[in-house]
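Line order of the protein sequences matches chains A and B.
The first sequence begins at -15 in this note's numbering and counts up by one.
The second sequence begins at 9 in this note's numbering and counts up by one.
There's no promise every hint is true.
To be verified - Below, a list of computed lysine-lysine pairs in the PhoX-like style, where the Cα atoms sit at most 20 angstroms apart: (1) Lys104/A x Lys67/A; (2) Lys67/A x Lys102/A; (3) Lys65/A x Lys104/A; (4) Lys50/B x Lys33/A; (5) Lys136/A x Lys104/A; (6) Lys16/B x Lys136/A; (7) Lys33/A x Lys65/A; (8) Lys33/A x Lys43/B; (9) Lys40/A x Lys50/B.
Unchecked claim - Using C-beta positions, here's what the derived DEER-type ranges look like: (10) Arg41/B x Gly129/A: 29 to 37 angstroms; (11) Gln42/A x Asp53/B: 14 to 22 angstroms; (12) Ile38/A x Ile38/B: 17 to 25 angstroms; (13) Lys67/A x Glu55/B: 36 to 44 angstroms; (14) Arg41/B x Thr134/A: 31 to 39 angstroms; (15) Ser15/B x Asp0/A: 39 to 47 angstroms; (16) Val43/A x Lys50/B: 17 to 25 angstroms; (17) Ser15/B x Lys102/A: 13 to 21 angstroms; (18) Lys40/A x Lys50/B: 16 to 24 angstroms; (19) Ser44/B x Arg141/A: 23 to 31 angstroms; (20) Pro(-2)/A x Gln51/B: 15 to 23 angstroms; (21) Arg41/B x Arg64/A: 37 to 45 angstroms.
Everything labelled a hint here was simulated from the structure, so no lab data went into it.
Since the model is a prediction, treat every value here as computed from it, not as a measurement.
Every residue, glycine too, gets a C-beta built ideally from N, C-alpha and C.
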Amino acid sequence: MSTPVSDEPQHTNPRDELVEHLPTMRAFAISLTRNGSVADDMVQDTLVKAWTNIEKFQVGTNMRAWLFTILRNTYYSSRRKAKREVADVDGIFTESLAEKPAHDGHLQMNDFRVALGKLKVEQREALLLIGASGFSYEEAAEMCGVAVGTIKSRTNRARAQLAELMGLNEDEAMEMTDDATMSVLTASKVASF
Amino acid sequence: MSGQKQSKQSEDVIDESLRRVYQEAVDEGIPDRFKSLLEQLKQQDAEQGKGK
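Isolated chain A, as found in the complex:
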């Protein structure tokens, strides 16, 4: 009505960009927490924070990195809060692991999800930022406020531990063993002593 017509194109408002980043933010949050409702709450908080603090975003810089920084800060502060309220917050996160059914029909994927959930959160975070979200080591280091070398070693340790948890270091690993096969293998190894 009385709104003046502006010559400025709409997309100059960085707020309009926020929606594009929601799917990857959510994927990161879900993979980090292994809990859909916790993840959605995190993303919602992040969205509101980003919206109300949009003037702190420097136009021309990486918005995704900016948003992921807010997202992980939200995660760690809610985790600290939850730790004060509930003694065993890690237990809750671990418990929720079992809820995810293997709807993709791949035992390997379910094994992977469980293994991922067993990693230390800092390692899981580093691996998700580097291996899944496609950030550089430098970007991830800045987002997490640690040295580049720390991100590298967290990522390496995460990979090594996943390989161990999934039994990928065994000679037979390439068969993508399920639990039953694994137990037979373990049993035969024990028997050979």
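Mind docking chain B on chain A? Use the hints.
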């Protein structure tokens, strides 16, 4: 030699699994609550803007 090959393969398996878990979550799309939240935020701003 074969040890190196194996660790390369295991890295591939891990990275592939990681991408699939991540992509699955991306493919789920955005729940409606986020769309309505964005609408709400926009409306709030529009109302605040009128006061100026």
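Going down the list of hints, with the structure as the test:
| no. | hint | in the structure |
| --- | --- | --- |
| 1 | Lys104/A x Lys67/A | holds, 16 angstroms |
| 2 | Lys67/A x Lys102/A | holds, 18 angstroms |
| 3 | Lys65/A x Lys104/A | holds, 18 angstroms |
| 4 | Lys50/B x Lys33/A | holds, 14 angstroms |
| 5 | Lys136/A x Lys104/A | holds, 15 angstroms |
| 6 | Lys16/B x Lys136/A | holds, 17 angstroms |
| 7 | Lys33/A x Lys65/A | holds, 18 angstroms |
| 8 | Lys33/A x Lys43/B | holds, 16 angstroms |
| 9 | Lys40/A x Lys50/B | holds, 18 angstroms |
| 10 | Arg41/B x Gly129/A: 29 to 37 angstroms | holds, 30 angstroms |
| 11 | Gln42/A x Asp53/B: 14 to 22 angstroms | holds, 20 angstroms |
| 12 | Ile38/A x Ile38/B: 17 to 25 angstroms | holds, 19 angstroms |
| 13 | Lys67/A x Glu55/B: 36 to 44 angstroms | holds, 38 angstroms |
| 14 | Arg41/B x Thr134/A: 31 to 39 angstroms | holds, 35 angstroms |
| 15 | Ser15/B x Asp0/A: 39 to 47 angstroms | holds, 45 angstroms |
| 16 | Val43/A x Lys50/B: 17 to 25 angstroms | holds, 19 angstroms |
| 17 | Ser15/B x Lys102/A: 13 to 21 angstroms | holds, 20 angstroms |
| 18 | Lys40/A x Lys50/B: 16 to 24 angstroms | holds, 19 angstroms |
| 19 | Ser44/B x Arg141/A: 23 to 31 angstroms | violated, 41 angstroms |
| 20 | Pro(-2)/A x Gln51/B: 15 to 23 angstroms | holds, 19 angstroms |
| 21 | Arg41/B x Arg64/A: 37 to 45 angstroms | violated, 25 angstroms |
This entry does not satisfy hints 19, 21, going by the numbered hints stated previously.
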